[in-house]
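Dock chain X with the ligands against chain C, hints included.
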Amino acid sequence: MNNENLIEVVNLKKYFSVGKDRTLKAVDNVSFNIKKGETLGLVGESGCGKTTCGRTVLGIYQATAGHVYYNGKDIHAMNREEKLKFKKNAQMIFQDPYASLDPRMTIGDIIGEGIDVHIKLSHKERQEKIDSLLGKVGLNSEHSARFPHELSGGQRQRIGIARALAVEPEFIVCDEPISALDVSIQAQIVNLLIKLQRELGLTYLFISHDLSMVKHISDRVGVMYLGSIVELASNHDLYEKPMHPYTQALISAIPIPDPKIEDNRNRIKLEGEVPSPINTPEGCKFMKRCIHAKEICGKITPELKEVEKNHFVACHLF
Amino acid sequence: MVEKILEVKNLQVSFHTYAGEVRAVRGIDFDLDKGETLALVGESGCGKTVTAKAIMRLLKVPPAEIKKGSEIIFNGEDVLKMSKKRLSSFRGEDISMIFQDPMTSLNPTMTIGNQIMESLKIHKKLNKKEAEKEAIKLLELVNIPNAKERIKSFPHQLSGGMRQRVMIAIALSCNPKILIADEPTTALDVTIQAQILDLLKELKKEFETAIILVTHDLGVVANFADKIQVMYAGQVVERGTRDEIFYNSMHPYTWALLSSVPRLNTKGKEELYALGGTPPDLILPLKGCPFSSRCEHCMEICLEEKPEITKLSDTHSLSCWLQHPYAPKTERPAVLRGERDE
Ligand SMILES: Nc1ncnc2c1ncn2[C@@H]1O[C@H](COP(=O)(O)OP(=O)(O)OP(=O)(O)O)[C@@H](O)[C@H]1O
Ligand SMILES: Nc1ncnc2c1ncn2[C@@H]1O[C@H](COP(=O)(O)OP(=O)(O)OP(=O)(O)O)[C@@H](O)[C@H]1O
Ligand code: SF4
Ligand code: SF4
Ligand SMILES: [Mg+2]
Ligand SMILES: [Mg+2]
Numbered sequence: 046m047n048n049e050n051l052i053e054v055v056n057l058k059k060y061f062s063v064g065k066d067r068t069l070k071a072v073d074n075v076s077f078n079i080k081k082g083e084t085l086g087l088v089g090e091s092g093c094g095k096t097t098c099g100r101t102v103l104g105i106y107q108a109t110a111g112h113v114y115y116n117g118k119d120i121h122a123m124n125r126e127e128k129l130k131f132k133k134n135a136q137m138i139f140q141d142p143y144a145s146l147d148p149r150m151t152i153g154d155i156i157g158e159g160i161d162v163h164i165k166l167s168h169k170e171r172q173e174k175i176d177s178l179l180g181k182v183g184l185n186s187e188h189s190a191r192f193p194h195e196l197s198g199g200q201r202q203r204i205g206i207a208r209a210l211a212v213e214p215e216f217i218v219c220d221e222p223i224s225a226l227d228v229s230i231q232a233q234i235v236n237l238l239i240k241l242q243r244e245l246g247l248t249y250l251f252i253s254h255d256l257s258m259v260k261h262i263s264d265r266v267g268v269m270y271l272g273s274i275v276e277l278a279s280n281h282d283l284y285e286k287p288m289h290p291y292t293q294a295l296i297s298a299i300p301i302p303d304p305k306i307e308d309n310r311n312r313i314k315l316e317g318e319v320p321s322p323i324n325t326p327e328g329c330k331f332m333k334r335c336i337h338a339k340e341i342c343g344k345i346t347p348e349l350k351e352v353e354k355n356h357f358v359a360c361h362l363f
Numbered sequence: 002m003v004e005k006i007l008e009v010k011n012l013q014v015s016f017h018t019y020a021g022e023v024r025a026v027r028g029i030d031f032d033l034d035k036g037e038t039l040a041l042v043g044e045s046g047c048g049k050t051v052t053a054k055a056i057m058r059l060l061k062v063p064p065a066e067i068k069k070g071s072e073i074i075f076n077g078e079d080v081l082k083m084s085k086k087r088l089s090s091f092r093g094e095d096i097s098m099i100f101q102d103p104m105t106s107l108n109p110t111m112t113i114g115n116q117i118m119e120s121l122k123i124h125k126k127l128n129k130k131e132a133e134k135e136a137i138k139l140l141e142l143v144n145i146p147n148a149k150e151r152i153k154s155f156p157h158q159l160s161g162g163m164r165q166r167v168m169i170a171i172a173l174s175c176n177p178k179i180l181i182a183d184e185p186t187t188a189l190d191v192t193i194q195a196q197i198l199d200l201l202k203e204l205k206k207e208f209e210t211a212i213i214l215v216t217h218d219l220g221v222v223a224n225f226a227d228k229i230q231v232m233y234a235g236q237v238v239e240r241g242t243r244d245e246i247f248y249n250s251m252h253p254y255t256w257a258l259l260s261s262v263p264r265l266n267t268k269g270k271e272e273l274y275a276l277g278g279t280p281p282d283l284i285l286p287l288k289g290c291p292f293s294s295r296c297e298h299c300m301e302i303c304l305e306e307k308p309e310i311t312k313l314s315d316t317h318s319l320s321c322w323l324q325h326p327y328a329p330k331t332e333r334p335a336v337l338r339g340e341r342d343e
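Chains as they are written, first to last, in my numbering: chain C, 46 to 363; chain X, 2 to 343.
With the rest of the complex left out, here is chain C (with noise of 0.2 Å):
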């Protein structure tokens, strides 16, 4: 096993029954690693399955089959004492900022909270590190005695990542952690992600239907697609020659902040029915809505295979 991968995750599948005889393969067979101090960018069609495949990274999630090792040791194979070092030490931000919050804590319980369990702190030292836990994500202290309804969307967004930072962790899934954030916003929160990767050495796996920020904060990113990862390259590769045909759509519509292009473009249409992840067919699942698809993309199922040098593509045409 390599070392200086801190998450390895092999074959992993996470299914969900839904009624009777139906399977919903929301992570159908997914190996990837992220080294120590990189940050690993998800992206793909929302449902394919990639807060599912962070959760269960995480273990939040029980996984169906396969594995993942974290630091080396499988994560469903720990003792208690490990076990409790892995949950301070990799922390996730959960796609729904108001659900994940419980509304009857005030902010600063809701970010000390981690703290009581894992760190131990004593009462104004703790008070000390919520304020400037704030401060770091754009509030302020004031905020600390206020509960959760009583902030704007992005402000709870931030409590999410004010909590996760909180526990000092090594690793953190970080689900869409921006998107309710006003532009500046996000610019002070990746600003501060990356600075804490440099000094503190952070490995993340960042999932973001935000592409643009996604390549500039990644260094590899992975494109998943009903359940699975169809494309996997360096951030530079991906948007310079996507080749997976997913992948030259999804970078085709990506908005522009000008209206003269915004006006002028032509974005790559999918058309085609939108596919389940129930009880899915033999075959590239993309089948029906690729325009590049022949007769053996509904017999055999393309495997994620290397095409160029650390460019991993799951397609027939390669």
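Hint data in this document are derived by calculation from the structure and do not stem from the laboratory.
Here a beta-carbon is modelled for each residue, glycine too, at the ideal position from N, C-alpha and C.
Taking CB as the label site, the calculated pair distances span:
hint, chain 1, residue 1, chain 2, residue 2, range
1, X, H325, C, K286, 47 to 57 Å
2, X, E66, C, M123, 46 to 56 Å
3, X, F155, C, N56, 28 to 38 Å
4, X, K206, C, R310, 12 to 22 Å
5, C, Q293, X, T18, 49 to 59 Å
6, C, E244, X, Y19, 30 to 40 Å
7, C, G82, X, F208, 44 to 54 Å
8, X, F208, C, K81, 52 to 62 Å
9, C, N185, X, K68, 22 to 32 Å
10, X, E78, C, S186, 38 to 48 Å
11, C, S186, X, E66, 19 to 29 Å
12, C, K118, X, G28, 53 to 63 Å
Relative to chain C, chain X with the ligands alone:
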């Protein structure tokens, strides 16, 4: 002829909290024409959602208070004086809202099918069977795969973006005249986002639906908005047509907003332009320009007096002392000037 469908005048909203009065919206004016899309942009916490909820009369009073002197006029009718009964038809048939937090506005104990059907039964007077058919159609319209089966799902069984699309389906179910879309596409990937925006554009064309779009995504704004209103600390600091704001904005906060977006051509992991400091605490009274504590161009007068409104065209106006004839000449930042001929 343009027809005004909504007028908001001097809207002021406060929340009475334990810590004091939070003055979230501090005197906002705007008009909305039929078939027009107005984008509200601005810092997190600047009052966009509160403005939207005030228009829908959805704020809980107390702790909220819509201050005396505020006016909201829908098609000549005073929204603040509507009866309970009128409000319920107003919300379903005249105006509807896509909420920022889909999880808080969907009922966790009810299938999404029933939630969509409920509004169809009340407002469109459909029977159960018709409502179910319509619900499936709506879910297909927002690109939910397997809609027939998915109407039986509960919200927690859906991904973040699916919940958002369910919200959109509910909001569209009664063909409202005004649609308020609060961050409608943040949880969606760009290809589905493009489809939803196309769908909204069709609605606009076909039914002349007016849209108030609240979003942080300036790419979406560039694609979709007719007019833009930039808000800061509960006030409008600049407004104009889409092109006026993108190519000719003159307010330092608008500049900061436009400069913070990552460009696709940067090398990555470079520091992004980020505005320093934090927005003012809305509990304290604001003196002078609300942006003064973070503005690079702040002058003495900015700390003392609220800047007057300057009109640059029929559609473009802003509140900033730099427009005063005695103020030093200031150019738009270089990054923004370059963008014109990119
Ligand atoms: N608890 C659950 N029970 C049943 N199905 C679920 C559950 N959680 C997720 N799913 C399904 O698994 C699939 C993947 O969901 P997931 O939330 O991982 O998607 P996602 O990629 O994060 O999407 P988004 O970008 O919209 O957040 C979806 O089809 C979803 O409906
Ligand atoms: N119930 C409440 N009690 C006290 N303060 C509130 C309440 N609701 C909102 N606020 C405050 O009012 C201000 C405006 O909130 P609003 O939700 O309108 O912001 P927003 O512009 O929509 O921000 P975002 O982009 O983050 O969603 C915020 O500072 C918020 O903290
Ligand atoms: S495998 Fe075939 S259907 Fe799938 S993306 Fe490649 S060409 Fe298209
Ligand atoms: S009025 Fe003064 S402080 Fe306010 S934006 Fe203009 S220059 Fe800056
Ligand atoms: Mg998700
Ligand atoms: Mg809001």
